[in-house]
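There are 2 protein chains.
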Amino acid sequence: MKLLVIGGGTAGTTAALFARKENREAEIVLASREKVPEYSKCALPYALSGEVDFQDIIYREEEWYSRTAKVELRLGWEAVGGDLEERKIEFRTPNGKEREEYFDSLIIATGSKPKALPIPIEGEVFYFNEMSHAENLMRKALASDEALIVGGGLIGIEVAEALLNLGLGVTVVELLPWILPNLLDRDFSATVEKWLEEEGLEIIKGIGVESISEDDGRKIVRLKNGEERKVDFVVISVGISPEVSLAKSLGIETGETGGISVDEYMKTNVEEVYAAGDCVETLDLSSKRKVISGSGSVAFRQGIVAGVNSVGGEALYRGSPLTRCTSIFGKEIASVGLTEFLAQTLGIKYVKQKVKGKNLPEYLPGDDVHFKLLVEKRTGRIIGAQGLGRGSSWRANLISLAISKDMTVDDLFLLETCYSPKISEVYDVVTRKFLDTQTYYLPHYVFDKSSLLHHLFQYSLFFFSFYYGIRCRRQAVLQYGYHLADFYIFDFFWITLYANRCLSSLRVRESPIGVRAMYPCLSFILERTPWQNSIKCLHVRRLHSLSLSASSFNDCIILLTCTPLLSLGKSIHISTSALIGPMGITNPFTPTFSMGISLSGGSSCRSLSIWSKVMHPPSVA
Amino acid sequence: MKLLVIGGGTAGTTAALFARKENREAEIVLASREKVPEYSKCALPYALSGEVDFQDIIYREEEWYSRTAKVELRLGWEAVGGDLEERKIEFRTPNGKEREEYFDSLIIATGSKPKALPIPIEGEVFYFNEMSHAENLMRKALASDEALIVGGGLIGIEVAEALLNLGLGVTVVELLPWILPNLLDRDFSATVEKWLEEEGLEIIKGIGVESISEDDGRKIVRLKNGEERKVDFVVISVGISPEVSLAKSLGIETGETGGISVDEYMKTNVEEVYAAGDCVETLDLSSKRKVISGSGSVAFRQGIVAGVNSVGGEALYRGSPLTRCTSIFGKEIASVGLTEFLAQTLGIKYVKQKVKGKNLPEYLPGDDVHFKLLVEKRTGRIIGAQGLGRGSSWRANLISLAISKDMTVDDLFLLETCYSPKISEVYDVVTRKFLDTQTYYLPHYVFDKSSLLHHLFQYSLFFFSFYYGIRCRRQAVLQYGYHLADFYIFDFFWITLYANRCLSSLRVRESPIGVRAMYPCLSFILERTPWQNSIKCLHVRRLHSLSLSASSFNDCIILLTCTPLLSLGKSIHISTSALIGPMGITNPFTPTFSMGISLSGGSSCRSLSIWSKVMHPPSVA
Ligand SMILES: Cc1cc2nc3c(=O)[nH]c(=O)nc-3n(C[C@H](O)[C@H](O)[C@H](O)COP(=O)(O)OP(=O)(O)OC[C@H]3O[C@@H](n4cnc5c(N)ncnc54)[C@H](O)[C@@H]3O)c2cc1C
Ligand SMILES: Cc1cc2nc3c(=O)[nH]c(=O)nc-3n(C[C@H](O)[C@H](O)[C@H](O)COP(=O)(O)OP(=O)(O)OC[C@H]3O[C@@H](n4cnc5c(N)ncnc54)[C@H](O)[C@@H]3O)c2cc1C
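Protein chains in written order, with the working numbering: chain S, 188 to 808; chain R, 188 to 808.
Hints should not be assumed to be uniformly reliable.
It does not matter which identical chain is used: a pair holds within one copy or between any two.
Distance condition first, Cα-Cα at most 27 Å in a straight line; then the derived DSS-like pairs of lysine-lysine [what the hints assert, rightly or not]:
| no. | residue 1 | residue 2 |
| --- | --- | --- |
| 1 | Lys609 | Lys518 |
| 2 | Lys275 | Lys454 |
| 3 | Lys609 | Lys222 |
| 4 | Lys208 | Lys545 |
Since the hints were derived computationally from the structure, they do not count as laboratory data.
With these hints in hand, go ahead and build the complete structure from the sequences.
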């Protein structure tokens with residue numbers, strides 16, 4: 188079989204090499220428009236500043252591919268068209284000739300292209316997306332004094348740092364009111380701005396560029412407010428868009444983001460045609476929407492999956508937590524998942540925890556570290572984090588794992604981290620806030636407690652709260668786990684709970700007289716069990732208040748069966764059985780299983796309309 | 188209410204302070220035998236070497252406790268007895284007088300004491316467990332030239348480093364054949380030994396000390412092999428044992444390890460009496476056995492839980508992944524969970540992944556990093572890791588989270604970590620091995636395929652494999668997820684699967700003729716679904732081979748229902764329904780739910796004994 192990979196960047200090269208690992212026999216051709224084999228794009232700013240050589244960031248020599256990996260590398264080959272039915276791709280080769288390649292499997296890894304600035308531009312401006320761009324820019328920079336960068340994103344700022352290191356005067360113009368808006372919110376960004384300004388960077392924020400004109404070999408950048416800057420050259424770095432022209436011409440589907448649509452195998456809509464990297468759209472695991480990741484760490488992992496699947500193996504790519512980090516003048520910046528700004532834009536309600544601390548105990552010289560964690564309000568699910576200072580990228584990695592596993596804020600509570608004075612604080616900022624404050628609450632509902640219907644409502648809410656995790660109230664941050672529900676019924680009955688190990692505690696309490704005085708105060712039988720590591724069946728009679736704490740919704744399964752044994756004056760029979768499955772937000776397990784309430788009103792509640800809902804698992808033919 | 192805390196170390200002080208956070212009203216008394224308020228024990232080696240002042244490692248001034256925290260701190264108070272029925276504790280106070288304190292809640296946090304060496308010892312030797320020990324040792328060291336340390340554990344080695352830094356000649360004698368045996372296996376330890384020997388440390392391994400005698404103010408240490416060393420002083424650091432003399436005298440239960448037995452609330456066998464820190468036995472989450480943690484990170488978290496619960500709050504401590512780290516001559520060492528040595532000792536079968544790499548890409552100057560991951564063979568569960576070099580403690584933190592959540596090796600596969608050249612490699616050693624090799628296999632069973640009973644056996648094995656996760660075969664490391672099972676039946680039937688998001692793929696394959704030629708080769712209907720984020724019902728007809736991949740056992744729930752539609756020549760009716768729950772090793776969910784196989788033999792299999800087992804959830808009265 189023959190695998191053809193188009194694009195020799197991170198995704199394409201990784202795909203080719205992992206396809207080779209997976210399949211020793213396959214013929215593998217890796218074609219790239221660029222003149223050099225895979226290099227570290229992410230290191231281009233350091234090549235620009237002269238800290239590393241352009242040659243050094245090329246990962247392997249051209250010969251290595253054929254000799255060691257048995258991959259035919261075709262440099263300077265640009266795919267210009269083809270026919271997927273016929274399984275062929277047409278190339279323009281370095282000598283200008285057209286060539287065709289046939290394939291059994293195809294991987295498209297054409298990466299991204301810099302977005303253009305939709306304003307009048309006179310003469311040449313610079314972009315920074317390829318080695319050739321960086322080389323051109325370096326030549327220009329070494330002969331210049333002043334530069335202006337349009338765009339204060341990650342690449343814009345890294346280029347700014349490089350140019351500052353080369354001794355140039357540098358100005359960054361960012362349309363939004365703060366820099367690094369994809370990584371940081373305004374508060375954290377302000378700290379980074381301070382670092383950069385101390386190094387001499389001029390930052391102009393919250394204003395757009397109107398035009399770029401030329402005068403006497405120099406550039407005049409006119410801002411929307413009428414101000415002008417005269418500089419030697421301009422770098423445009425206002426984001427990327429997926430390079431999908433080839434894919435589209437081949438009839439491969441793209442999604443709303445403009446990127447190629449792929450499934451979890453990194454397969455496109457066409458059989459045996461895969462795609463990976465900046466050219467595809469990726470599931471953002473925090474918001475569950477599709478994005479263009481623009482990230483090497485994503486391209487690398489998607490490349491593995493596409494490569495493995497393309498030659499008969501099996502691997503799945505399930506989405507990205509979207510980690511990002513950089514180092515600015517030796518200071519670490521990291522981010523994962525959503526920022527507050529993005530969560531607000533997407534309408535996701537969140538709670539945040541913000542901590543400032545040190546990476547080492549006070550008695551040792553350490554670094555300031557800042558950490559912010561975003562938690563989805565409705566579910567407690569961790570959806571993002573930002574960090575500044577030493578260890579931030581590792582904190583983001585921890586949160587990356589948490590996001591990948593749909594963990595809630597409770598899953599991090601009391602997480603044990605390594606401690607030794609020269610290495611860490613006994614409680615690192617990554618979990619510190621949970622311990623330090625008692626102000627973190629998930630929302631809860633308040634009910635009118637006056638009617639029978641209320642109880643039913645609350646009763647159904649009880650399930651509802653399991654189901655969606657919305658009625659989660661943490662009475663104090665130090666309390667381990669959510670209070671999944673508090674509910675009370677005036678009659679006694681039995682509850683059987685089958686819970687897996689994540690149900691960490693069960694406490695049955697008598698209500699304080701006064702608050703719940705309307706219910707006869709009967710005693711209850713309580714078998715207090717440590718739920719961890721055991722499945723327990725609990726029979727509670729004459730229940731007044733039941734609160735369940737689960738350590739995490741993610742792996743929580745509870746089978747609850749209530750049957751009233753006796754009906755007192757106010758007769759009500761409630762018989763219900765529910766299986767409450769894992770609380771994955773996008774995938775509540777419950778609907779598949781029987782769950783619901785069936786009620787038969789007794790004599791004293793004749794007015795009660797019977798509210799009943801029983802769902803059974805679909806029966807099999 | 189009045190809370191009395193005995194022991195002013197990490198656990199006791201943390202308990203008192205978090206009790207205060209939890210309860211603004213409670214009267215809190217914190218009594219400690221030592222003369223100073225809480226200090227960083229872990230920093231004592233750095234105080235010994237003079238890098239920090241003894242004064243600086245005291246966290247808070249004495250007045251702070253009463254003024255800010257409203258905690259009555261009683262320094263120099265030693266608890267000597269009491270009566271738990273009467274809720275009183277007797278103290279010896281600094282002026283020698285006896286005093287009694289009554290309490291509503293009690294927390295015992297008496298820490299540990301150094302183990303003694305069971306050999307003849309002449310004159311004074313040094314221990315290193317308290318500030319006073321360190322101060323004494325410092326005085327001695329400053330007036331000496333040569334020291335010998337018995338015990339090459341964490342504390343022994345940290346003291347050795349400090350004494351080397353003070354300019355002394357230092358010898359460490361370790362009974363086991365390598366140093367730091369609680370943290371590292373022999374391979375990793377060898378690297379640390381090299382570092383230490385380069386700094387001038389003499390290490391004598393695999394040999395015990397026979398006696399310590401005195402001669403002319405110096406010490407003569409005689410080894411078991413007859414060798415002798417003459418040094419100025421000897422430090423004994425051969426481990427700790429829990430300080431439980433008070434607890435025992437009060438009638439509080441201790442466990443097999445000698446530590447106080449506590450439940451998840453950190454409560455002892457006596458109501459309202461809690462215990463935390465080095466004096467209790469802790470659940471090791473990797474091996475599920477009880478241990479004495481001897482670790483500040485554990486004491487701190489247990490202190491929180493005991494403190495909160497003791498004054499009416501609710502928190503749970505669920506066990507420790509046992510993180511440990513240190514820095515030796517600026518080099519990071521970290522460990523979490525089991526070592527190979529310990530796993531072998533406990534009879535736990537494991538697979539290891541060992542990687543050597545760098546913390547940064549090759550083109551930048553970076554550190555060598557070593558990383559080893561241990562995975563339980565039977566289940567794929569992560570049970571330990573060791574690391575050397577930069578970032579090791581954070582890698583251990585990541586594994587700590589994985590162990591806390593019972594994750595398998597697959598949960599780390601393709602984990603996205605932050606990437607920027609000056610900060611990290613695109614694939615850090617923590618996940619690298621998964622990507623790099625194809626040699627990692629979990630065991631699988633091989634069957635004799637000759638009889639009908641075989642199928643039944645295999646069929647039941649199918650469930651069995653879900654149930655225990657034992658029939659997990661990874662065909663290649665790059666394949667995402669376990670193959671939970673492959674099974675085939677000669678007749679066609681329906682399968683309905685309800686799976687939550689963790690069931691990552693389902694592939695139904697036709698068997699290669701030859702291997703499975705005995706079964707008529709019928710076609711099948713396959714609905715290939717991306718299982719993630721959806722619950723799917725799959726109807727498979729004429730099934731021959733079904734393999735399921737789940738990303739993780741931990742949150743895997745599968746409801747499987749098979750009903751044969753037709754019986755061909757060899758009639759067999761299999762009707763079964765199983766709910767397979769989370770695969771937590773200690774807590775398979777399944778038994779609670781209906782699971783099993785009911786068979787009715789058809790005409791052609793009259794000889795078949797009907798094997799049937801149906802378990803229903805216990806029905807409610
Ligand atoms: C300056 C800079 C710094 C960065 N820093 C980081 C960082 O620190 N961390 C991080 O994770 N990510 C970083 N990134 C992003 C990261 O480099 C990209 O996400 C990653 O390179 C994407 O990989 P890819 O294979 O999808 O695309 P690319 O690496 O862009 O490769 C695509 C290749 O396909 C070729 N190609 C396109 N069309 C064709 C065609 N028709 N025929 C043949 N070949 C074609 C292109 O020429 C290119 O060589 C940075 C990017 C830049 C520019
Ligand atoms: C040199 C050294 C280095 C270490 N380095 C690390 C490290 O890097 N990381 C890490 O996690 N852990 C480290 N540890 C371990 C850590 O210090 C302990 O695990 C932790 O201090 C245990 O806390 P504790 O409160 O249980 O006990 P302790 O901190 O020992 O406190 C117990 C206190 O109770 C007092 N006490 C005992 N009996 C009585 C009584 N009857 N009445 C009144 N008071 C009493 C004791 O005097 C003592 O003050 C180190 C330990 C040492 C000695």
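For Lys609 vs Lys222, is the C-alpha pair at or below 27 Å within one copy, between two copies, both, or neither?
Cα proximity of Lys609 and Lys222: across copies only (25 Å, versus 47 Å in one copy).
Between copies, within a copy, both or neither: which fits Lys275 and Lys454 at Cα up to 27 Å?
Cα proximity of Lys275 and Lys454: one copy only (17 Å, versus 71 Å across).
Lys609 and Lys518: within-copy, between-copy, both or neither at 27 Å Cα:
both (19 Å within a copy, 10 Å between copies)
Which holds for Lys208 with Lys545 at a C-alpha limit of 27 Å: within a copy, between copies, both or neither?
between (43 Å within a copy, 22 Å between copies)
In summary, the structure agrees with every hint in the numbered list given earlier.
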